[in-house]
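S.K.: Residue-level listing of the chains:
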Amino acid sequence: MTFSTDPGSPPVLEARGVNKEFPGVKALDDVSLSLHKGEVHALVGENGAGKSTLIKVLTGVYPQDAGQLFHHQVPVTFRSPGAAQAAGISTIYQEVNLVPTQSAARNLYLGREPRTRLGLIDFTAMHRAARELLDEYSIRADVEAPLASLGLGTQQMIAVARAVAIDANVVIMDEPTSSLEAREVETLFGVIDRLRARGVAIIYVSHRLDELYRICDTVTVLRDGKLVHTGPLAGLPRLQLVATMLGRELLAQTKRHSESDEQSEGPYAEPVLEVRNITRRGVLDNISFAVRPGEIVGLGGLLGAGRTETGMAVLGAQDLDAGTVAVDGRVVRAGSPSASIAAGVALLPEDRKLEGILPSLSIRDNIVLAALPRLSRAGLVSDRKVDEVVATFMKQLHIRATGPDQKVGTLSGGNQQKVMLARLLCLNPKVLILDEPTRGIDVGAKTEVRVTIDELAAAGLAVLLISSETEELVDGSDRIIVLREGQVTDVLTGDRLSEDELVRAIASVEPDTSEEPTDD
Amino acid sequence: MTEALAVRRSDIDRAAVSRWTRDKGVYVALLLLLVYNAFFTPRFVNLHNLNVQLILDTRIIVVALGMALVIGTEGIDLSVGAVMALAGGLLVQFSGLPAIVAIVLVLVVGALVGLLNGTLVAIVGVQPIVATLAFLFAGRSLAQLLLQGRNPSIHNSAILAVSSGSFLGVNGLILAALVPILLVAFTIRRTNFGHRLLAVGDNARASFLSGVPVKGTLILVYVISGALAAWAGVMDTASITSANALSSGLNYELFAITAVVVGGTPLTGGRVRIVGTVAAAVLMQLLRSTLIFHSATDAESQMVTAAVIVGAVYVQRVRAKS
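Protein chains in written order, with the working numbering: chain P, 1 to 520; chain B, 1 to 322.
Incorrect hints may have been included.
When the alpha-carbon atoms are kept at most 35 Å apart in a straight line, the in silico DSBU-like pairs for lysine-lysine are as follows [claimed, not checked]:
#1 K37/P - K56/P
#2 K215/B - K407/P
#3 K430/P - K215/B
According to the in silico footprint, chain B covers these stretches of chain P (three or more CB under 8 Å from chain B) [to be verified]:
#4 343-357
#5 361-372
A short list of chain B residues far from chain P (calculated; beta carbon distances all over 10 Å) [what the hints assert, rightly or not]:
#6 S18
#7 W20
#8 Y27
#9 R43
#10 Q144
#11 S166
#12 A185
#13 V212
#14 T241
#15 S289
#16 T290
Just so you know, the hints here were simulated from the structure itself, not pulled from any lab data. Glycine is no exception: its CB is placed at the ideal position from the N, C-alpha and C atoms.
Make a model of the complete structure from these sequences and hints.
M.R.: The structure is reproduced here in structure tokens:
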């Protein structure tokens, strides 16, 4: 199972058979990983695959429930992040965790500043050393300027330089390029090359396939807490990699979906939702599409491709540089969810806990939250109307609870999701955006939710379905828009509406770089 | 097997017990204190003394009502005591005007302070503790400037009637507290705004995505808190019949926070307990009086207060975990 770029050398850091369980979730299930000197090791997987948990186990944030870590082949237990760092394992997070108000030089030498004979910080020596260190990695920055005044990319590079300067032998980079400009990415790759040359082992977490193929030697794929693949990256076709990440075996190209008869009705109706050229620098790039009443349009792509952001843009909760969203032909005021909701848009957020439920409020309060203006007169809530609505939807969606007063935080994931759906449906929306509607709920509830979505579309709603599950997307959509790095790269319809085609479309290289060899 | 079930059972029982303590603890404590006083403190539990105790408590209650709303949104308002002092100073300034106009103007200024606080919190994005800290200093200084070191007496009988008047045998200050208690309770229970306030406190992002005007809701909460603090300042000024920039409302922000927390409103937002807050304010006052009756020093009585706060926070902890 293990693989090495330099099979002769023993691994620097190794995890064997690691298990980690959280209440109700097996976050890591018998996962092993070995990291060698001078290796850039890609760690990939969709949301909830266990990447963060594995990193946290490797860096002493969480203790593992079972399994063993080896550092230079010696069994180790890191009792705290500090202990892992002391052993030379450094983590560079997306958000730089240094001291923003202090100079770059101080950050580089925090806790080990050069001292003068009097025991004071020798600023001259520190600044000189800092300049030399940054020069070595071709990082251009004013070492005396406060860290916060430097670009995000530079800050990140300084974090890397600091990690290396304190003798890190393992550097873990979690989505390091997500906030970087193209030029900064190049500098970072230069730094990574130098680290590799110095024998530092790197774990590189990213969803950008181009980057992985450019700088990584090996890849480990996690899915649902399990190790599903580990091996050299070169020679592994993109398509295969994406299929492994998404958990789709590549089948012979069979058409598994045919709703062309239903589809034929679509084109005659006027679109209820029209998205035109929405653009946000670094997030969304000129996305346009339309959804007709009764149509379910899927949004596919890897994590970070801009699916969620597109949904948020339709709700008016994503800042845009350009572009408009129109409902029923009328452009909706941007940046205001309440305006979008009034126009008939409703969104089921991806992260139910963080963005959806009000955990300490009752089912009743949760359901009517968005519809309060409609259920009140002169600012006074009508208990009668609220009770009516709540009773209707609890029955219609089969919400299982002790009663409408039960706190939503105490419900199961599936029932919470139904409460969320009820909140949207009591708005009587025209456009429904569902971001990962079946994530984190059990199989029975999944089916119920899917059936509900179909019924809603049949009743004439325009549905925008966002999902990481290819099966859900293919089975549930009339058409799938494939996004990649904020751009529409493909639209699957009719015969191409299959899981194979979807995986292919997600994995395919960008159209404008078509000179690259294709996967098949 | 049976053993495992038994363990489960006791876990559930413990959760139920701690939930009950959290929700009802303040009432039980209040009752116990009254029972204790009935037996062990001579001349304590009688209509006259209890009336006096309640009257002493009215200003804290009014301030605590606003604080409860603010804390319900996961915020805090440290400016309330200073607003009380400012209200006294303003009442003196407005002494030429009819009482009702003067009082309304004072309430408007209190609301404006709330508007400033709310804007800092909701629009500028300053932490509530910092945003309202600014006015904690500014408000009292403003009052000092207005009064120029003097403690002028209030002669307007209509203003004084807030304290000295009575209706159907009920003291004016008690009525002056009762009306806002009912209004705030009604707001939380029945109004659109009340529902939204709790939603914002429980999960601001979810509320925003559900079309709740989060910023407006937050601002209004601070406006209400400011106006209530100004009203408490009017009550205080009427009760001591003079304005005092230094002592009026001093430390009231802390008393109010204590009442809210001991009353079972979690600092994490999403829940506001009005009756609990009022009961806690009464409890803290009774506790102090009881200790004084038993000739404890002020220092000793504050130690007991501290213990009650720690106890209340300990009980709250259960909630944070679940």
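S.K.: Hints first: check each against the structure and report whether it holds.
M.R.: Taking the hints in turn, this is what the structure says about them:
no. : hint            : in the structure
1   : K37/P - K56/P   : 21 Å, holds
2   : K215/B - K407/P : 25 Å, holds
3   : K430/P - K215/B : 27 Å, holds
4   : 343-357         : holds (count 6)
5   : 361-372         : holds (count 6)
6   : S18             : 15 Å, holds
7   : W20             : 16 Å, holds
8   : Y27             : 21 Å, holds
9   : R43             : 44 Å, holds
10  : Q144            : 35 Å, holds
11  : S166            : 32 Å, holds
12  : A185            : 14 Å, holds
13  : V212            : 7 Å, violated
14  : T241            : 38 Å, holds
15  : S289            : 34 Å, holds
16  : T290            : 34 Å, holds
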